[in-house]
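Working from the sequences, and respecting the hints, build out all of it.
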Amino acid sequence: MRRPCLPWSFVLCGLLIHPVLAQDPVADIRRLYEAAAFQEVVAAVDTTPIDDRDAASMAVQYRALSLVALRRPAEAERAMTAMITANPMNPITIPNVPPRVRAMVLGLWRPFMRDFIERHYRDGKTAYRAGAWMEASSAFETVISAVRHPELEFEGDPRLSDVGDLAAEYLELARTRATDAPQGVMPGGSQ
Amino acid sequence: MGTLNVNAIPWAEVWVDGQPIGQTPIGNIPISVGSHRLTFRHPDFGELQTVAIVTADETAYATMHFTTSD
Numbered sequence: 001m002r003r004p005c006l007p008w009s010f011v012l013c014g015l016l017i018h019p020v021l022a023q024d025p026v027a028d029i030r031r032l033y034e035a036a037a038f039q040e041v042v043a044a045v046d047t048t049p050i051d052d053r054d055a056a057s058m059a060v061q062y063r064a065l066s067l068v069a070l071r072r073p074a075e076a077e078r079a080m081t082a083m084i085t086a087n088p089m090n091p092i093t094i095p096n097v098p099p100r101v102r103a104m105v106l107g108l109w110r111p112f113m114r115d116f117i118e119r120h121y122r123d124g125k126t127a128y129r130a131g132a133w134m135e136a137s138s139a140f141e142t143v144i145s146a147v148r149h150p151e152l153e154f155e156g157d158p159r160l161s162d163v164g165d166l167a168a169e170y171l172e173l174a175r176t177r178a179t180d181a182p183q184g185v186m187p188g189g190s191q
Numbered sequence: 001m002g003t004l005n006v007n008a009i010p011w012a013e014v015w016v017d018g019q020p021i022g023q024t025p026i027g028n029i030p031i032s033v034g035s036h037r038l039t040f041r042h043p044d045f046g047e048l049q050t051v052a053i054v055t056a057d058e059t060a061y062a063t064m065h066f067t068t069s070d
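Protein chains in written order, with our numbering: chain L, 1 to 191; chain D, 1 to 70.
Keep in mind that the hints were calculated from the coordinates and are not lab data. All clues stand as given, with none of them false.
If you want a taste of the chain D side facing chain L, the calculated C-beta under 7 Å gives, among others:
#	residue
1	N5
2	P10
3	W11
4	T24
5	I26
6	G27
7	N28
Quick list of the computed label-pair ranges, beta carbon to beta carbon:
#	chain 1	residue 1	chain 2	residue 2	range
8	L	R119	D	Q19	44 to 52 Å
9	D	T3	L	L108	22 to 30 Å
10	D	E47	L	F112	33 to 41 Å
11	D	H65	L	P99	12 to 20 Å
12	D	E47	L	L166	44 to 52 Å
Every residue gets a Cβ at the ideal spot worked out from N, C-alpha and C, and that includes glycine.
In structure tokens:
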């Protein structure tokens with residue numbers, strides 16, 4: 001693979017071997033991305049272990065952007081799906097993501113979140129029926145947040161709006177039950 | 001021939017020698033050897049230009065920063 005070795009990028013090459021910066025791999029990856037060294041971003045992310053969850057998420061996002069730039073759409077789509085799966089409520093956490101890439105992410109994110117909302121609604125109801133009020137509340141809160149997420153624009157969707165309304169009602173009931181009964185007590189006296 | 005990788009911060013529509021090539025980030029652009037005028041346009045930050053020097057069988061890299069904040 002060719003390295004970015006135009007004269008101006010000597011500074012970049014120097015920065016990359018700086019020992020202090022080597023302690024912040026995401027900063028290095030971001031610099032590579034900003035310098036249009038897209039092949040190098042992909043290689044760096046694929047070979048650099050990053051333990052911190054948020055940092056790893058950001059690295060995956062720079063990898064996805066670079067794959068878009070390199071016109072490797074199948075790999076870019078897989079990377080974006082990984083971004084969404086890792087952080088369904090906020091898959092884009094890096095700055096300066098271009099509109100076309102945001103649109104690509106949104107195209108994958110919306111259908112993912114439809115399933116995500118339905119799944120959490122079902123999980124919430126299951127927990128509610130089991131008397132797991134806190135677990136039910138958490139699931140319904142997630143449903144409501146997802147339905148009302150401003151970037152997803154689900155508010156005008158009749159099906160998801162209904163799910164959101166039902167989740168809000170279940171949430172209120174679950175919170176009420178949580179204050180009335182200890183965890184694990186079945187609703188409706190069927191303990 | 002060489003290739004060109006182009007990026008802009010935050011992002012930009014890009015023209016190479018007056019021809020639109022799309023929105024950043026853009027990589028692996030096949031391009032003839034020599035100097036090429038790059039024009040970057042962002043709806044909020046306006047237009048900036050630079051020149052990329054492309055050498056044979058190498059990748060040239062060009063980045064435009066519209067903002068100074070990190």
